[in-house]
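Trainee: Each chain is listed here by its residues.
There are 2 protein chains.
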Amino acid sequence: MSSSVFPVLISGTWRQAEMIQYFSAINPMTKVQIDEFYPVSSKQDIFETIKSAAIASRELLNISPSKRADFLEKFADRIENRKEEIVKMANQETGYAIEPRLLNVELPRMTDQLRKVACAVREHSWTMPVIDTGVNIRSLNQSLEGGIAIFSPNNFPLVFNSVGGSDFAGAIGAGNSVICKGNPSHPGTTRLLAEEAHEAIKETGMPLNTFQLIYHMEESIGLILAGSPDIGAIAYTGSRKCGMTLKASAEKTGNPIYLEMSSANPVLILPDAIKKRDSQIAEELVKSCTLGTGQFCTKPGLVLVFKDQFADEFIDKVKKLMEETPDGVLLSESVMIKLDENVGHLREAGARPLTGASRNEASPGYSYKNTLLTIEGSQFIEKSSDFQIEAFGPQTMIVIMENVEQAEKIIELLEGNLTGTIYSETSEEDKLLYERLVPLLTRKVGRITNDKMPTDVAVVTSMNHGGPYPATGHPAFSSVGIPFSMQRFSMRKCFDGVSDERLPVAIQNANPDKIWRMIDASWTTDSIE
Amino acid sequence: MSSSVFPVLISGTWRQAEMIQYFSAINPMTKVQIDEFYPVSSKQDIFETIKSAAIASRELLNISPSKRADFLEKFADRIENRKEEIVKMANQETGYAIEPRLLNVELPRMTDQLRKVACAVREHSWTMPVIDTGVNIRSLNQSLEGGIAIFSPNNFPLVFNSVGGSDFAGAIGAGNSVICKGNPSHPGTTRLLAEEAHEAIKETGMPLNTFQLIYHMEESIGLILAGSPDIGAIAYTGSRKCGMTLKASAEKTGNPIYLEMSSANPVLILPDAIKKRDSQIAEELVKSCTLGTGQFCTKPGLVLVFKDQFADEFIDKVKKLMEETPDGVLLSESVMIKLDENVGHLREAGARPLTGASRNEASPGYSYKNTLLTIEGSQFIEKSSDFQIEAFGPQTMIVIMENVEQAEKIIELLEGNLTGTIYSETSEEDKLLYERLVPLLTRKVGRITNDKMPTDVAVVTSMNHGGPYPATGHPAFSSVGIPFSMQRFSMRKCFDGVSDERLPVAIQNANPDKIWRMIDASWTTDSIE
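If you read the sequences in order, they're chains X and A. Heads up: the first sequence at position 283 corresponds to 282 in numbering that gives the first Met the number 0, and the numbers run straight through without jumps. Heads up: the second sequence at position 267 corresponds to 266 in numbering that gives the first Met the number 0, and the numbers run straight through without jumps.
It is possible that part of the hints are untrue.
Same chains, same names: a pair is fine if it fits in one copy or spans any two.
As the list claims (entries may be wrong) - Subject to a maximum C-alpha distance of 25 Å in a straight line, what follows is the list of computed DSS-like cross-link-like pairs (lysine-lysine):
1) Lys240 - Lys251
2) Lys87 - Lys319
3) Lys408 - Lys50
By construction, these hints were calculated from the structure, which means they are not laboratory data.
All chains should be built: construct the whole structure from the sequences, respecting the hints.
Mentor: This is the structure in structure tokens:
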């Protein structure tokens, strides 16, 4: 068997893993095992990977930014050249539709992101150069010492893949070496991406060990990786439980760790908005909760409405749309089991199911019925943490609030979230409620959206895909949006009294590349005379 | 007794502490207790403080930035009005000379820092506004939820005092409420500053609980404070041992913690520099090691030289200057004991003392002889962590290296440091050594200085007073330099599809205050038409 197990990419070479077992992905649409075998790596593999990444981290200091950019672009080109095979594999492994999801949305977004980072690398502006000419002190961001370990989630096989996703692009863009820990639910997709990345590495003359790939490891070995003193930083997207364990291990050694863990993404619908636009909002809500079978980190899982007849009608409409929307396929059996468990926990705490709330046994795949729950505001206040469990999948829960005082209390009790959404009219009533409630909600979330669901996360500089703990591990960092997604993987460096020719290019006097730099408190692309 | 114990400032009022004991400062120049009594607060005090800070954190949302700036400036004015009394008290409590240290250096630097933050608050630029007009997504930094707990060090009674120092200015400037945990070695100085700050709060109409003051608490209670879910962030400057304990407590709850822990501040002197400038470099080194009795976080504690006759002569000169320089007074008995212990550890590991290395028993105060140790490069390589103990005080250790290969290994083995210094000539030999060694050294430090000692930390935007772990807790943050020292105490907020009048002022279309903003990837002070 071991000879037909796919190799790992360690120290720049595809080689057989020092494995302790092997695994296969399962097609969630059919529950049938996919006939490819991938290794679960042992400690030896991980130690070798860490060591090689640290060496690569040094070698990369001598690689020009434009070469890094070339690699990212070449990789994007190669992904496009092999896109049919990649999306077909991703479809088999995740159950996501080839069109539009994988081919028309996720893959173009992935390559766009790689190219945007390449552009930022060429521009140097992401290094945030600051110069004070009077004292000749200059600073900028540079890559970290040691590799960046990326633990990627199951729900974005392309855009957040440990190979080629947002963290990968940011970390490589900032000049780091990377250790990719693939998500075990889509090893084939990861392999295809890694094959292309490795070829692009060779084509562009980057160090062969710039990135390495481990498909799977036991949790205890993941903790060794995160806690290694030879690692530069860790990026993790996934469950809170696993994230917290990695966090403890990383922080014990002083390693920065960037976590995206869970989020209920509260949606506050003000009375006049519900009165005037209930059908439209209900449609947007259900679409947002069922898109990708609800497997988005920005899925709205908690909807806050004020008790009145319009709210009742709104809830009926949501229920009806939930029932009309075909149940999707979930990423894996464990996602289905976990969703069922969490819906169970919410029900135990007192949530009433209006529709769904059980497995879709009729489906040939892993499927769960689109689920709508409701609770009263007073219930939420009484057991607020029980009601903030993230039920990952096609589910949402509507909280029916008595009045604005109750709304205030509920918002106060919210944990940190990625997003907070408000639907409102410009009427006096909604205006007053907005002014009273939204400042409180803003404190709890990384991004406020108005009159649109939070599901879409645009890859623009102004994006913040982050938020207060426990949505993430630190409220000042964003995992999407360039240059901020790159800056996470860097350290600040200051050069104090260093002569011009010894400085990094981006903070020398001359500025032929027109880099944005803050010189004596003003931003400029000028050179220093 | 309890009635003559100074009150704490909690919830906006000076009131008697719920204390478990009381303490006094000791004049380190005379070893005589200062006749003032300060409380060690119990849990009750801390719980009340945390709660009140969280309330203040909300109230501050309705306070205009200009009022925050007014407060910082008024506070600076009041410090200057009471400066004779403040520096006299600081002198009694720390043993630092009134002139030049306290009156001419530290106090002006403190008030300058407060005013610079005030200026940044008025400018709004510290919030780093980013706008993408095409998608109408806008983001900026805002204050944290919950108070900022500041644990301040013993060695800067003014510039890093929990009341009015760098962390205080940054946290208040960013719109936060603050819990000041005074350093127990200078409670009187802290009290005077807090009295002035409190009056300035009242004069400018800031919420009375914007900042609170606890003089002292047991370690276990400090851990409760750092680990409270109602705290926004923690700033700590002090020993690594205590910092690591606070770090673990804070991070368990997901609280950001900014630590400045310890640093050996390696100084690499290249052969031609030592050949040509040995007297000058020796003078700079000894001055830097004995300034403030060596109690700077940027004191050069590790000097790397290449073995040759010039290095021998240099070492002799350093030794002679160390002996000629009068021994200073240390901040406290415990600093003296710790220094003695750490010099002992270095000697046990094999370091040879050339001068000093024992207490100055002749001094009426807490004093230690200026201390010079040396070791061979091979010794350092063998026991590199033993030789990287920070011996806080007037001490340095010279490592005599055989050759460049050994130098490389030694630099590889360095822990994270705040600074790294290189003295070099422009000769071919030094140039080659610089090119080979400095890129490695740069990876290990937050700031590179050339041909000057690292002791001085200019308060400019380009400063980085930070560095890789264990010098600090995160290599991307600086505790000195505006706006970066403020940004630590903030979270990123994104507004996605929000109409202009509902946006924070700094990211609205109009820009009457000429705030620097990144609009569609270019920095500008223009409005959006």
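Trainee: Taking the earlier hints as the rules, which of them does this structure contradict?
Mentor: 2
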